[in-house]
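The listed protein sequences correspond, in order, to chains A and B. The first sequence begins at 16 in this note's numbering and counts up one residue at a time. The second sequence begins at 16 in this note's numbering and counts up one residue at a time.
One thing to keep in mind: the hints can contain errors.
Chain copies aren't distinguished; within one or between two, either way the pair holds.
[To be verified] Here are the simulated lysine-lysine pairs, DSS-like style, with alpha carbons at most 30 Å apart: (1) K17 <-> K81; (2) K81 <-> K57; (3) K17 <-> K57.
Keep in mind the hints are simulated off the structure, nothing from the lab.
Protein chains: 2
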Amino acid sequence: MKHTFSVTIERRSGLSDPEGATASRALTDLGFAGVHSVSFGKVISIELEADTAQEAATQVEAMCRKLLANPVIENYTIENVS
Amino acid sequence: MKHTFSVTIERRSGLSDPEGATASRALTDLGFAGVHSVSFGKVISIELEADTAQEAATQVEAMCRKLLANPVIENYTIENVS
């Protein structure tokens, strides 16, 4: 059975986010005066085959730990969007 | 009044996604045999000052068009998460 998961990976709060800081400045320069902060993260869509949704979720969790996220500087959330 | 928006930017379907293809192969190599496809996108969190949520949404839409997204190859969705 095919399952689709969406993994959102965001930088832990307190860590610097140069991409976000640059975008924030650029938006202010473009005339968006009300911008307080901008921060960037990743969203990864994964389609995988597994017998149950629970088994698929366990696999996606393992994928995040082993490859997709860097737990030292990133938090991730996993959502079943099948 | 402060508003927080989450912008999700994903590659238009049909376009190649080298980062996704590489992650998919790497996951298969790591033993996740059931992986069908992996695709990467960006999620941008924006805090901004605006009088109304409607006005804030209009500004975020303009930010996407002018700077954050490339409409030729990307789709974006805007969500108010205040």
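Q) With identical chains treated as interchangeable, where does the CA-CA distance between K17 and K81 reach 30 Å or less: within a copy, between copies, both, or neither? A) Classified as within: same-chain Cα gap 22 Å, cross-chain 37 Å, threshold 30 Å.
Q | K81 and K57: within-copy, between-copy, both or neither at 30 Å Cα | A | For K81 and K57, the Cα distance is within 30 Å both inside one copy (16 Å) and across copies (20 Å).
Q. Is it within a copy, between copies, both, or neither that the alpha carbon of K17 lies no farther than 30 Å from that of K57?
A. Both: 23 Å inside a copy, 24 Å across copies.
When the structure is compared with the earlier hints, no violation turns up for any of them.
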